[in-house]
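*Asks:* Model the full assembly from the supplied sequences, consistent with the hints where possible.
Number of protein chains: 2
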Amino acid sequence: MLISGHKNVGYLTGTLGIEGLALITRSGSFLITDPRFSQEAQSAAGFIPEITKSPLATMRKITRSLKIRRLGFEPNNISYAGFNKLKKGLKGITLIPVSGRVEKLRAVKTDKEIACIKRAAKITLKSLTQVKRFIRPGISEKDLAARLDMALRHNGAEGNAFPTIVASGPNTAKPHARPTARKFRLNDIIMIDIGANYMGYSSDLTRVFFLGRISANLKRAYKIVKEAQEKAIRAIRPGVRASKIDGLTRNYIESKGFGKYFTHSLGHGVGLDVHESPRFSGKDKTPLLKGMVLTVEPGIYLPGEGGVRVEDMVLVTKRGCVVLTR
Amino acid sequence: MLISGHKNVGYLTGTLGIEGLALITRSGSFLITDPRFSQEAQSAAGFIPEITKSPLATMRKITRSLKIRRLGFEPNNISYAGFNKLKKGLKGITLIPVSGRVEKLRAVKTDKEIACIKRAAKITLKSLTQVKRFIRPGISEKDLAARLDMALRHNGAEGNAFPTIVASGPNTAKPHARPTARKFRLNDIIMIDIGANYMGYSSDLTRVFFLGRISANLKRAYKIVKEAQEKAIRAIRPGVRASKIDGLTRNYIESKGFGKYFTHSLGHGVGLDVHESPRFSGKDKTPLLKGMVLTVEPGIYLPGEGGVRVEDMVLVTKRGCVVLTR
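Here the protein sequences line up with chains A and B, keeping their order.
First residue of the first sequence: 85, per my numbering; consecutive thereafter.
First residue of the second sequence: 85, per my numbering; consecutive thereafter.
Note that these hints are calculated values from the structure, not bench results.
Even for Gly, the Cβ is constructed at its ideal location relative to N, Cα and C.
Among the hints, erroneous ones may be present.
[To be verified] Computed beta-carbon distance windows for the label pairs:
| # | chain 1 | residue 1 | chain 2 | residue 2 | range |
| --- | --- | --- | --- | --- | --- |
| 1 | A | ARG269 | B | GLU389 | 54 to 60 Å |
| 2 | B | ARG154 | A | GLY176 | 40 to 46 Å |
| 3 | B | ARG154 | A | GLY366 | 32 to 38 Å |
| 4 | B | GLY176 | A | GLY166 | 24 to 30 Å |
| 5 | B | LYS169 | A | GLN214 | 41 to 47 Å |
| 6 | B | MET283 | A | SER299 | 46 to 52 Å |
| 7 | A | LEU100 | B | GLU389 | 22 to 28 Å |
| 8 | B | MET283 | A | ARG220 | 24 to 30 Å |
| 9 | B | ALA199 | A | LYS307 | 45 to 51 Å |
*Replies:* Quick look at the structure:
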């Protein structure tokens, strides 16, 4: 099987950050990369490093010498153009699309991975706590985002897991707002969605703040979102399908009359990617397993008025789950 | 034509950060996105927003009503799996791979884009100048990288253009090193490769520092790299092929006996992506055009000993080029 997904190659070979391909065969596993990463490739335990400026020629050489006739590939992690090059370069070999194998392994975290994710979550919470006092009228969304990002780095993050979202007032009605020059005003609602990267692992956290008085409508929306999140967290345990958790929060929000304002899925796995398998969405029937780490983030967005979202990360345990972002 | 590349969609529609597809037809252009981005989609000048949870169904509806029979797509910006879904969902339409059209537009920068890139470069230089004084024995690669990233953010960057490289001693022999806990020592060579993101645009800069005495070998390598860079910069002007610039520096470094230690291409375009078209590489025959912004970054890496790279960004002008990172 040929592994071409960047994070998948890093996960299997233990060499995050290098650009290359992993070729897994019955007779041995190869890490094919270019001279920029020759030193890193030497340290990939269990992999034979192949340093080349022509990965296709190297693959041809290996597959010929091992008499490989059938080769799996990752249909979601290779471009249409890349696939055609592969097909042409490996003439005579049957290429078989095999989806999500490494993603499935990655979904269940090892103790070491959980420790990194917990650390990333802790850095994020600490940074938010430190910077919270700057949430006052006159400071802009961009300013607060910069302070948050500096705090993340200061507290030990290697970087952001994703670009920090700071939205205020009506901008909070955009679930994925980019920080603007808008300055906070009295009675604004403020939404912060932030995550740290620690040793390659991500965290993801959303909190809303009310700067003064709260409109009755948004207060109600906040209460419903919080209750929906609690319902989800209580229902998460091994064996339950991811889609079921999404469904029960969606039903709850719908029963309160806000269904059409909950415009995204309930959550997603978090690990080397900030969005990874499985997803809390109606389409993902994956049964939850002990060791999975996911976000639970219901939201209600009222166009022109504002939005609320509460997002925490949970770790699926033997009998239920624990919240990593209290 | 269907545009699926994330940055390409952002470039054409002027809505950076949103996830969606641009469908360009003779009868109008559509921005197809999901409800998370419904508000941003309204602001895409010249595009009809299509908010949907099923982009494929929406595309089917549009292409049918416009009687579209042939549709271009971006073979490098769609996965093999994505292409197959498209083929199935748009039965009866001939899909035609069309490479690099938007990338070609993006290669030549507008004045507004150049202003953003210049600002990103300025932020980067300022941050490096401020943090330089911490380059002394005892500070770790990771510590210095954190200080640099905080300075970028403090000086107005929206974030890093890419993860900052700080390498010291033998680690500098890895062109793409990740910062480690290694502490700087007297007589170390230090390599810093850093870039800012400003309004979505990237900068990219590499400098090396010598912390004390310099080995004769590395001093010689540095001199050759610097001379090779100067040769390239003098040769850059509209009409010259990108490959030619790569070739002449490569020949020069080879003539000095270090050819096999220059393990990467000479440079790359910089814009919305930190690596974009064109490339200063033997394979890219693109003739340079006024308004292109590229890096010029020859390097020599001696395994076990250390490496040197000097990287600047240039803007191709009417008769030559200007260095943006003096």
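*Asks:* Does each hint fit the structure? Answer for all of them.
*Replies:* Tested hints:
1. A/ARG269 to B/GLU389: 54 to 60 Å: For B/GLU389 against A/ARG269, whose Cβ atoms are near 58 Å apart, the range 54 to 60 Å holds.
2. B/ARG154 to A/GLY176: 40 to 46 Å: violated, 33 Å
3. B/ARG154 to A/GLY366: 32 to 38 Å: holds, 34 Å
4. B/GLY176 to A/GLY166: 24 to 30 Å: holds, 27 Å
5. B/LYS169 to A/GLN214: 41 to 47 Å: holds, 45 Å
6. B/MET283 to A/SER299: 46 to 52 Å: The hint (46 to 52 Å, Cβ to Cβ) is violated, given that B/MET283 and A/SER299 are roughly 33 Å apart.
7. A/LEU100 to B/GLU389: 22 to 28 Å: holds, 25 Å
8. B/MET283 to A/ARG220: 24 to 30 Å: holds, 26 Å
9. B/ALA199 to A/LYS307: 45 to 51 Å: Because 46 Å falls inside the window, the suggested range holds.
The structure fails hints 2, 6 (numbered hints given earlier, in ascending order).
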